[in-house]
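J.: The chain contents come next:
Number of protein chains: 2
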Amino acid sequence: MKPINIGLLGIGTVGSGTFAVLKRNREEIARRAGREIVIKIIADRDLEKARCLAGDGIVVTDNVYEVIEHPDIDIVVELIGGLTIARELILKAIAQGKHVVTANKALLASYGTEIFAAAHEKGVMVAFEAAVAGGIPIIKALREGLTANRLEWIAGIINGTANFILSEMREKGLPFETVLDQAKQLGYAEADPAYDIEGIDAAHKITIMAAIAFGIPVQFDKAYIEGITKLTREDIRYAEELGYRIKLLGITKRVSSGIELRVHPTLIPVRRLIANVEGVMNAIVVKGDAVGTTLYYGAGAGAEPTASSVIADLVDVTRMHTADPMHRVPSLSFQPDLLSDTPVISMDEVETSYYLRMHAVDQSGVLADITRILANFDISINAMIQKEPDEHEDKASIIILTHLTIEKNINAAIAKIEALPVIMGQVIRIRIEELNNK
Amino acid sequence: MKPINIGLLGIGTVGSGTFAVLKRNREEIARRAGREIVIKIIADRDLEKARCLAGDGIVVTDNVYEVIEHPDIDIVVELIGGLTIARELILKAIAQGKHVVTANKALLASYGTEIFAAAHEKGVMVAFEAAVAGGIPIIKALREGLTANRLEWIAGIINGTANFILSEMREKGLPFETVLDQAKQLGYAEADPAYDIEGIDAAHKITIMAAIAFGIPVQFDKAYIEGITKLTREDIRYAEELGYRIKLLGITKRVSSGIELRVHPTLIPVRRLIANVEGVMNAIVVKGDAVGTTLYYGAGAGAEPTASSVIADLVDVTRMHTADPMHRVPSLSFQPDLLSDTPVISMDEVETSYYLRMHAVDQSGVLADITRILANFDISINAMIQKEPDEHEDKASIIILTHLTIEKNINAAIAKIEALPVIMGQVIRIRIEELNNK
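Protein chains in written order, with UniProt numbering: chain A, 1 to 438; chain B, 1 to 438.
Since the hints were derived computationally from the structure, they do not count as laboratory data.
Any given hint could turn out to be false.
Covered stretches of chain B (chain A as the covering partner; in silico rule of three or more C-beta atoms under 8 Å from a C-beta of chain A) [to be verified]: (1) 23 to 30; (2) 141 to 152; (3) 284 to 297; (4) 332 to 346; (5) 376 to 383.
Cut-off 27 Å, straight-line C-alpha distance, at most; resulting in silico cross-link-like pairs (DSSO-like, lysine-lysine) [said to hold, decoys possible]: (6) A:K2 / B:K122; (7) A:K40 / A:K2; (8) A:K184 / B:K438; (9) A:K2 / A:K92; (10) B:K2 / A:K122; (11) B:K438 / A:K172; (12) A:K40 / A:K92; (13) B:K172 / A:K438; (14) B:K184 / B:K230; (15) B:K122 / A:K438; (16) A:K230 / A:K387; (17) A:K438 / B:K184; (18) A:K172 / A:K2; (19) A:K92 / A:K49; (20) B:K438 / A:K23.
Glycine included, every Cβ here is placed at the ideal spot set by N, Cα and C.
Let the hints inform the model, and build the full structure from the sequences given.
T.: Set out below in structure tokens:
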């Protein structure tokens with residue numbers, strides 16, 4: 001059979017990885033796909049670098065439209081990223097009848113619904129395994145592997161940079177800023193690491209997974225996002241003492257009032273498998289009503305792991321591109337005309353439990369004041385530790401784990417506690433998730 | 001669109017689970033599949049039970065051929081199991097132009113190649129996610145999620161009964177027989193548990209995964225199989241002291257001389273995520289050249305977890321059944337006319353490292369004798385512990401961890417060591433796998 005022709009937009013880290021893996025495993029990939037998958041044309045601003053990488057026989061251009069409009073191209077691979085030109089290019093490629101493979105999580109988290117609808121109308125596929133958790137085939141698991149289930153929740157370590165920082169802070173007892181500098185030196189963090197450490201990247205990914213899991217449109221603007229920049233090694237240490245580990249999790253959950261969609265540092269029991277995922281690795285736990293909890297683990301970034309997902313999509317499209325468009329796997333797992341309007345609920349309405357830490361003047365009656373405030377908001381206490389003040393100090397640390405309550409109640413209680421004259425500074429609040437099989 | 005009609009062969013544990021989940025999640029499954037998936041007819045020997053479960057509107061019969069020959073049935077689901085009638089039924093269903101979904105690992109591990117070839121010729125699909133690791137979508141990951149990779153090895157905890165027994169032996173320090181009895185009482189082990197504890201069930205599953213990973217025919221008869229019946233709590237404890245945990249693993253690996261295919265108790269480093277998979281849970285680690293190591297974890301058995309996989313296959317077939325048969329996902333990932341004849345190598349040729357434990361008379365020169373024998377076979381020692389004899393005893397336990405060597409060499413060395421007059425009884429030999437990302 002004649003080869004499938006690929007046009008590549010962008011030959012940075014993932015583009016180069018895709019090129020290298022397609023070349024190295026060419027024979028084995030063709031045996032799986034049923035025909036050869038050949039890169040025909042590459043567009044990149046850096047023409048010299050692209051030419052050097054491509055070698056002979058591949059057209060290199062700095063004109064992206066040349067790729068999209070190329071009559072021989074079956075699949076356009078968009079690896080430019082970002083929200084500027086990628087959206088226009090993908091929509092134009094679809095309009096030209098090209099299938100699209102993309103790793104662009106930021107784009108899909110905001111404009112995915114529009115893009116998938118355009119693809120559906122035109123009868124082409126848009127595949128995006130590489131957009132979430134690098135090499136882990138989690139999109140395929142959600143979209144195809146778990147279709148029997150009413151999915152209940154997903155919780156994932158889906159940003160390797162943040163997980164590396166938290167692992168190092170815990171293992172070496174170092175403060176956030178020191179480890180962030182190390183991560184930059186090791187190439188694990190960008191010069192501007194805001195996307196990773198502020199939780200934005202994780203929010204893009206959990207937004208996409210929520211859409212597939214629950215059959216709702218992508219709604220990045222509804223995600224609650226809190227990063228790891230304010231975490232201290234003290235809280236990491238106290239969490240360990242209590243049998244928990246702190247991870248930056250992307251969480252989405254189906255509750256009676258709608259869908260929760262949130263990214264924040266989270267205490268999870270150390271005995272859970274996912275609590276033991278360290279360094280730059282990613283892992284996602286998915287809970288379905290039939291299957292129970294399943295977990296998917298692997299490299300969440302890097303040239304070749306991400307290329308692994310890009311090429312898996314290329315093989316998928318190759319295997320299915322001749323099929324009747326009404327009988328293909330829908331991009332979001334659910335048929336596009338059968339999406340649900342179940343709302344994403346506000347963080348104020350989320351029910352979870354909490355780790356609280358505060359500094360209090362070491363005098364009688366303090367605990368009574370705090371526990372009375374919590375009781376007034378109907379918040380019950382699961383565990384409490386009081387750490388005696390160090391010598392030459394008069395402030396004790398009080399750590400409280402609460403049972404389940406509503407976010408707006410804990411916030412109101414915290415405001416009251418902070419207003420107590422015996423409480424010094426702010427109350428630290430970190431959410432807890434048990435992630436059990438119930 | 002008109003519904004997809006299912007005929008169910010066998011309504012035991014998995015059949016009942018499939019029935020229950022299809023009914024409970026009917027609306028959500030239809031939104032994913034694009035049409036309703038309806039069980040039309042059920043065949044089971046126990047007519048009364050089947051009728052009671054099915055309720056009105058579903059034909060119940062004790063004649064399996066009525067299902068296979070039913071003109072309205074699109075997909076036959078084979079949940080009878082075993083090697084007796086299932087093979088004939090599946091081949092007849094294929095001949096009738098029915099798609100087939102099966103959970104029959106024993107059948108596929110021996111006759112899969114023949115069955116897939118028949119299906120390919122007739123242009124129908126045979127799906128079997130439920131045959132390996134219950135609810136974990138590992139077949140999909142191997143067949144579709146990791147197609148970019150030259151796969152290097154797979155190592156899996158793929159028998160929950162055996163893993164439960166090993167977990168309990170370690171956590172509670174109990175002997176094998178005691179825990180086996182408990183497992184029977186809990187319903188985790190069959191009255192005749194041979195398939196589970198002798199490694200046969202795990203060998204069926206790793207045989208199927210090897211075929212998909214390496215594009216070779218299924219060759220259950222070539223698998224090396226060793227169960228857990230001879231494991232002692234002493235070895236489990238010594239392994240822990242050395243930083244290892246003992247798991248029954250199914251292993252398949254691509255090496256220069258061919259494919260390794262084996263099931264046996266294995267020491268793996270405690271720090272690996274898979275070492276921490278306890279109880280009846282399953283987990284599979286897959287190493288690809290591009291993606292590195294990925295891990296898949298979940299329930300490996302049970303009515304609803306297995307039903308989750310059966311129904312995922314039903315949705316897959318529903319989504320793809322109208323597609324051009326030449327452009328579907330091949331059953332074994334590789335195109336059926338492009339399978340490889342790479343041989344499965346004999347266990348004698350396998351290279352790995354070993355844990356050895358022996359009882360020796362506590363006298364000088366013993367270690368010199370043992371180490372000389374190992375050196376003569378070019379086996380180098382990684383670690384050695386000598387446990388002093390208990391009071392009133394004169395035999396010391398000697399534990400040796402070797403570096404990599406060839407199985408036939410270690411066996412020859414063990415024979416020589418056992419022949420030493422100072423060595424009492426047999427040398428215990430357990431294989432070690434590092435399962436690292438290299």
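J.: Would you mind marking each hint as holding or not holding in the structure?
T.: Right, here's what the structure says about each hint:
| no. | hint | verdict |
| --- | --- | --- |
| 1 | 23 to 30 | holds (count 4) |
| 2 | 141 to 152 | holds (count 8) |
| 3 | 284 to 297 | holds (count 10) |
| 4 | 332 to 346 | holds (count 4) |
| 5 | 376 to 383 | violated (count 0) |
| 6 | A:K2 / B:K122 | 24 Å, holds |
| 7 | A:K40 / A:K2 | 13 Å, holds |
| 8 | A:K184 / B:K438 | 24 Å, holds |
| 9 | A:K2 / A:K92 | 25 Å, holds |
| 10 | B:K2 / A:K122 | 24 Å, holds |
| 11 | B:K438 / A:K172 | 25 Å, holds |
| 12 | A:K40 / A:K92 | 19 Å, holds |
| 13 | B:K172 / A:K438 | 25 Å, holds |
| 14 | B:K184 / B:K230 | 18 Å, holds |
| 15 | B:K122 / A:K438 | 44 Å, violated |
| 16 | A:K230 / A:K387 | 21 Å, holds |
| 17 | A:K438 / B:K184 | 24 Å, holds |
| 18 | A:K172 / A:K2 | 55 Å, violated |
| 19 | A:K92 / A:K49 | 26 Å, holds |
| 20 | B:K438 / A:K23 | 21 Å, holds |
In this structure, the earlier hints numbered 5, 15 and 18 are contradicted, and the remaining ones agree with it.
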